[in-house]
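Let the hints inform the model, and build the full structure from the sequences given.
There are 2 protein chains.
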Amino acid sequence: MTSASQAMRTAAKGTLEVIAFERGPRTSWAACGLPYFVEGLIPDHQKLIARTPEQFAARGIEAKVRHVVTSIDTQNHTLAVRDLTADVEHTEVWDHLVIATGASGITPPLPGIDANGVMQLRTVDDGIAMDEAIKSGARTAVVVGAGYIGIEVAEALVARGLKVTVLELADQPMAATLGPEMAEMVSEAMISAGIDLRLGTAVEGFATDADCDLTAALVSGGEIECDIAVLALGIRPNSHLAGDAGIELGEAGGIRVDDRMQTSAPNVWAAGDCVESLNRVTGQYGIYALGTHANKQGRVAGTNITGGQATFPGVIGTAITKFQDLEIGRTGITEAEGEAQGIRTAATTARSRTKAGYFPGSDPVTVRVIHSRDDGKILGAQIVGGEGSAKRIDVFATAIWSGMTVDDLAMVDMSYAPPFSPVWDPVVFAASMAAQGRS
Amino acid sequence: MTSASQAMRTAAKGTLEVIAFERGPRTSWAACGLPYFVEGLIPDHQKLIARTPEQFAARGIEAKVRHVVTSIDTQNHTLAVRDLTADVEHTEVWDHLVIATGASGITPPLPGIDANGVMQLRTVDDGIAMDEAIKSGARTAVVVGAGYIGIEVAEALVARGLKVTVLELADQPMAATLGPEMAEMVSEAMISAGIDLRLGTAVEGFATDADCDLTAALVSGGEIECDIAVLALGIRPNSHLAGDAGIELGEAGGIRVDDRMQTSAPNVWAAGDCVESLNRVTGQYGIYALGTHANKQGRVAGTNITGGQATFPGVIGTAITKFQDLEIGRTGITEAEGEAQGIRTAATTARSRTKAGYFPGSDPVTVRVIHSRDDGKILGAQIVGGEGSAKRIDVFATAIWSGMTVDDLAMVDMSYAPPFSPVWDPVVFAASMAAQGRS
Numbered sequence: 066m067t068s069a070s071q072a073m074r075t076a077a078k079g080t081l082e083v084i085a086f087e088r089g090p091r092t093s094w095a096a097c098g099l100p101y102f103v104e105g106l107i108p109d110h111q112k113l114i115a116r117t118p119e120q121f122a123a124r125g126i127e128a129k130v131r132h133v134v135t136s137i138d139t140q141n142h143t144l145a146v147r148d149l150t151a152d153v154e155h156t157e158v159w160d161h162l163v164i165a166t167g168a169s170g171i172t173p174p175l176p177g178i179d180a181n182g183v184m185q186l187r188t189v190d191d192g193i194a195m196d197e198a199i200k201s202g203a204r205t206a207v208v209v210g211a212g213y214i215g216i217e218v219a220e221a222l223v224a225r226g227l228k229v230t231v232l233e234l235a236d237q238p239m240a241a242t243l244g245p246e247m248a249e250m251v252s253e254a255m256i257s258a259g260i261d262l263r264l265g266t267a268v269e270g271f272a273t274d275a276d277c278d279l280t281a282a283l284v285s286g287g288e289i290e291c292d293i294a295v296l297a298l299g300i301r302p303n304s305h306l307a308g309d310a311g312i313e314l315g316e317a318g319g320i321r322v323d324d325r326m327q328t329s330a331p332n333v334w335a336a337g338d339c340v341e342s343l344n345r346v347t348g349q350y351g352i353y354a355l356g357t358h359a360n361k362q363g364r365v366a367g368t369n370i371t372g373g374q375a376t377f378p379g380v381i382g383t384a385i386t387k388f389q390d391l392e393i394g395r396t397g398i399t400e401a402e403g404e405a406q407g408i409r410t411a412a413t414t415a416r417s418r419t420k421a422g423y424f425p426g427s428d429p430v431t432v433r434v435i436h437s438r439d440d441g442k443i444l445g446a447q448i449v450g451g452e453g454s455a456k457r458i459d460v461f462a463t464a465i466w467s468g469m470t471v472d473d474l475a476m477v478d479m480s481y482a483p484p485f486s487p488v489w490d491p492v493v494f495a496a497s498m499a500a501q502g503r504s
Numbered sequence: 066m067t068s069a070s071q072a073m074r075t076a077a078k079g080t081l082e083v084i085a086f087e088r089g090p091r092t093s094w095a096a097c098g099l100p101y102f103v104e105g106l107i108p109d110h111q112k113l114i115a116r117t118p119e120q121f122a123a124r125g126i127e128a129k130v131r132h133v134v135t136s137i138d139t140q141n142h143t144l145a146v147r148d149l150t151a152d153v154e155h156t157e158v159w160d161h162l163v164i165a166t167g168a169s170g171i172t173p174p175l176p177g178i179d180a181n182g183v184m185q186l187r188t189v190d191d192g193i194a195m196d197e198a199i200k201s202g203a204r205t206a207v208v209v210g211a212g213y214i215g216i217e218v219a220e221a222l223v224a225r226g227l228k229v230t231v232l233e234l235a236d237q238p239m240a241a242t243l244g245p246e247m248a249e250m251v252s253e254a255m256i257s258a259g260i261d262l263r264l265g266t267a268v269e270g271f272a273t274d275a276d277c278d279l280t281a282a283l284v285s286g287g288e289i290e291c292d293i294a295v296l297a298l299g300i301r302p303n304s305h306l307a308g309d310a311g312i313e314l315g316e317a318g319g320i321r322v323d324d325r326m327q328t329s330a331p332n333v334w335a336a337g338d339c340v341e342s343l344n345r346v347t348g349q350y351g352i353y354a355l356g357t358h359a360n361k362q363g364r365v366a367g368t369n370i371t372g373g374q375a376t377f378p379g380v381i382g383t384a385i386t387k388f389q390d391l392e393i394g395r396t397g398i399t400e401a402e403g404e405a406q407g408i409r410t411a412a413t414t415a416r417s418r419t420k421a422g423y424f425p426g427s428d429p430v431t432v433r434v435i436h437s438r439d440d441g442k443i444l445g446a447q448i449v450g451g452e453g454s455a456k457r458i459d460v461f462a463t464a465i466w467s468g469m470t471v472d473d474l475a476m477v478d479m480s481y482a483p484p485f486s487p488v489w490d491p492v493v494f495a496a497s498m499a500a501q502g503r504s
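In the order they appear, the protein sequences are chains A and B. Every number in the working numbering is 65 more than the matching position in the first sequence, counting from 1. Every number in the working numbering is 65 more than the matching position in the second sequence, counting from 1.
Possibly wrong hints are sitting among the right ones.
[What the hints assert, rightly or not] Once the Cα atoms are required to be at most 30 Å apart in a straight line, the calculated DSSO-like pairs of lysine-lysine come out as:
id	chain 1	residue 1	chain 2	residue 2
1	B	K420	A	K112
2	A	K200	A	K228
3	B	K112	A	K200
4	A	K442	A	K420
5	B	K442	B	K420
6	A	K420	B	K228
7	B	K78	A	K420
[What the hints assert, rightly or not] Selected chain B positions facing chain A (Cβ under 10 Å, derived; list incomplete):
id	residue
8	G98
9	Q140
10	I178
11	H358
12	E452
13	D459
14	F461
[As the list claims (entries may be wrong)] Restraint ranges, calculated between C-beta atoms of paired labels, are given here:
id	chain 1	residue 1	chain 2	residue 2	range
15	B	D440	A	E253	47 to 55 Å
16	B	D440	A	G348	46 to 54 Å
17	A	D428	B	I256	30 to 38 Å
18	B	I256	A	A224	32 to 40 Å
No wet-lab data here; the hints were simulated from the structure. If you're wondering where the values come from, they're calculated on a predicted model, not measured in any experiment. Glycine included, C-beta positions come from ideal geometry on N, C-alpha and C.
What follows is the structure in structure tokens.
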């Protein structure tokens with residue numbers, strides 16, 4: 066919908082007709098807000114709807130919900146659409162096509178996976194269903210996966226008073242995000258919140274009663290009784306529609322696009338969770354399913370469709386979340402990612418505080434900087450700490466983006482006042498420690 | 066004291082003797098914390114002491130308080146010191162000398178300026194005196210100057226229940242810091258807090274009673290009754306000791322140093338509020354009296370004294386503060402500064418929110434970006450907004466430091482999650498708007 070809006074904005078007035086098809090019942094919902102809706106912080110799910118079909122219509126964009134595109138013909142510039150309400154299919158023609166099919170939660174083919182009570186949290190309806198389940202008396206939950214969504218859902222369910230078990234195959238939470246010593250702080254916070262965190266534990270299936278209602282999650286050597294189970298195993302790009310149309314996919318399974326967001330087919334563009342993005346640190350393409358990238362990519366596609374020249378320069382893996390009061394930010398690569406890419410890294414951990422030590426509300430913050438052993442270039446950073454910690458990751462993101470070394474960053478004129486940081490801001494302090502380690 | 070500590074750290078063990086002389090009774094106090102001590106947020110002034118003479122002694126550094134250096138002989142490598150307690154003077158020899166004499170609050174020669182109740186807030190004793198005055202019954206205050214210290218002191222006095230008038234010569238608060246439209250939000254917050262903010266108003270003197278106790282501040286055509294008056298008119302570097310010794314001073318009145326923090330005299334170094342720093346945006350030297358610079362400069366001097374090679378690369382005018390819940394950050398140059406320097410600037414104001422609009426605690430934030438009209442390089446930024454606003458200035462600082470354009474910054478992979486920002490972070494949004502304005 067961002068590409069639609071941008072194209073409508075940049076096109077000469079009256080020259081563009083835009084039709085959007087959406088399988089579900091809603092347009093433009095804030096998926097990232099769903100855990101906080103479940104938590105009860107956002108009382109009305111309508112607040113998560115950025116724009117309704119009616120609002121798009123007012124901009125001249127026809128958004129048809131409950132319509133699923135079943136095939137694309139890139140030669141004849143047509144596509145087949147099924148109206149799920151009327152249950153009829155028709156053919157639509159296009160001059161330009163934007164594929165923005167998003168991603169789906171990974172659903173492993175386990176026994177009982179279709180049981181009532183086994184849930185995901187991808188759509189507004191998912192959120193409403195989870196909220197209803199809790200209102201209807203769910204008291205125990207198993208969350209499968211301790212990545213971003215896993216810990217956000219766990220926070221929400223704890224806040225709603227459920228007894229929560231989190232199963233994670235890796236031996237740490239946020240294994241793709243944080244190094245082990247940083248993840249340890251996340252584990253501690255989860256355990257302190259009363260979560261039964263089971264690391265190195267795979268879910269093997271789900272037990273059900275005669276009504277196919279969930280009764281327990283099955284793990285090696287036992288079962289964990291639960292009223293609901295939430296799958297938070299990551300996502301896969303919805304690229305089969307493009308793939309079936311002969312559009313090139315990448316090795317990570319997403320649609321391959323150039324930096325103008327054009328696919329391998331002329332006048333076919335793609336944006337959002339369904340595409341692969343170039344990681345500027347590793348030089349590799351991967352899936353980085355985040356609203357920020359989707360918005361930028363959509364804007365780039367919309368601009369280019371109407372004859373503009375915009376490019377999406379790639380990503381560096383920046384992400385942020387929190388578990389209760391513990392904030393978590395990361396950007397660039399971890400040491401493990403560096404090792405996998407054959408990059409010689411060095412890492413420094415700097416423990417500091419969010420505000421001047423004497424200022425009320427000053428909290429511990431730990432910053433880990435990963436830099437090139439060869440030239441000191443910053444390659445990654447992770448931040449875990451109290452209020453005001455995680456957004457500092459943007460400084461590292463900007464530094465990585467512009468090719469700064471730890472020595473450079475250690476001298477940047479960053480802001481200081483007691484309510485906001487110690488004299489040595491945690492970012493400067495960490496860069497400074499890393500620079501000293503190099504000299 | 067930072068240079069002393071750094072030199073002690075980097076010197077070969079047992080090779081260095083360090084003596085420090087301090088006019089006052091304390092070493093290493095956190096001057097920036099004083100308004101918050103007065104406000105009552107930091108109950109004990111001892112919390113503001115980073116390190117006592119005893120703690121320095123444990124590191125092998127002799128810190129002599131109540132000792133004032135009265136002259137420096139750069140030829141014979143000596144200095145004259147007066148012990149204020151014993152009232153005796155002696156001569157000290159040195160191989161290396163670090164001048165870190167700081168700055169003093171500007172005290173205009175006005176009638177009544179020496180009255181009891183006319184105060185500053187530079188030292189711990191100043192803070193204690195202000196706290197005592199309030200405890201002794203001061204109920205009304207006039208703050209002279211609406212820069213950083215002025216608004217921080219005003220916040221503190223309002224919090225302590227005083228009726229506060231702020232006099233400011235300029236027609237806006239923070240005139241050296243913010244452009245007029247950004248300053249307007251600060252004015253509104255001050256007025257909402259019950260402050261009588263009088264812009265375009267000079268203090269002409271102070272009325273006193275027979276005991277020389279303050280009774281009122283005098284302004285054109287009237288007087289403002291007050292129990293205390295706080296001078297917050299900015300600072301002047303304490304450079305006369307260096308100047309008298311023939312050490313080169315700059316046009317802004319501070320000690321001129323090279324990027325190794327060496328003065329014009331061999332083996333004489335200087336650091337902190339008494340020196341001039343190079344502004345990397347304007348290429349001009351100026352006074353940037355902040356603890357961050359002082360700490361970095363001290364560390365550079367300490368490293369170089371012991372044979373290391375460290376440089377201080379300059380400043381870009383980053384600063385941060387708050388008035389109650391309104392956060393204020395700035396970096397680089399304002400449009401007025403650009404005009405004064407003959408730099409062709411363009412500016413964009415972007416209104417956004419600190420968190421996703423639907424997330425509890427989401428506050429308005431206004432970002433103003435100043436960039437080069439010629440090449441789009443970011444030259445400055447100002448941020449005014451609710452909780453979580455001001456520290457975002459560090460992203461702009463890092464971008465300016467590395468020479469980024471608004472187009473570059475608009476595409477940086479910055480973090481997003483609903484508790485931390487909208488999908489378009491206010492910084493990205495502002496850069497993006499500025500970039501669109503260019504194309």
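Outcome of the hint check:
no., hint, verdict
1, B:K420 / A:K112, "14 Å, holds"
2, A:K200 / A:K228, "15 Å, holds"
3, B:K112 / A:K200, "49 Å, violated"
4, A:K442 / A:K420, "27 Å, holds"
5, B:K442 / B:K420, "27 Å, holds"
6, A:K420 / B:K228, "29 Å, holds"
7, B:K78 / A:K420, "33 Å, violated"
8, G98, "5 Å, holds"
9, Q140, "34 Å, violated"
10, I178, "28 Å, violated"
11, H358, "7 Å, holds"
12, E452, "9 Å, holds"
13, D459, "5 Å, holds"
14, F461, "9 Å, holds"
15, B:D440 / A:E253: 47 to 55 Å, "48 Å, holds"
16, B:D440 / A:G348: 46 to 54 Å, "28 Å, violated"
17, A:D428 / B:I256: 30 to 38 Å, "33 Å, holds"
18, B:I256 / A:A224: 32 to 40 Å, "39 Å, holds"
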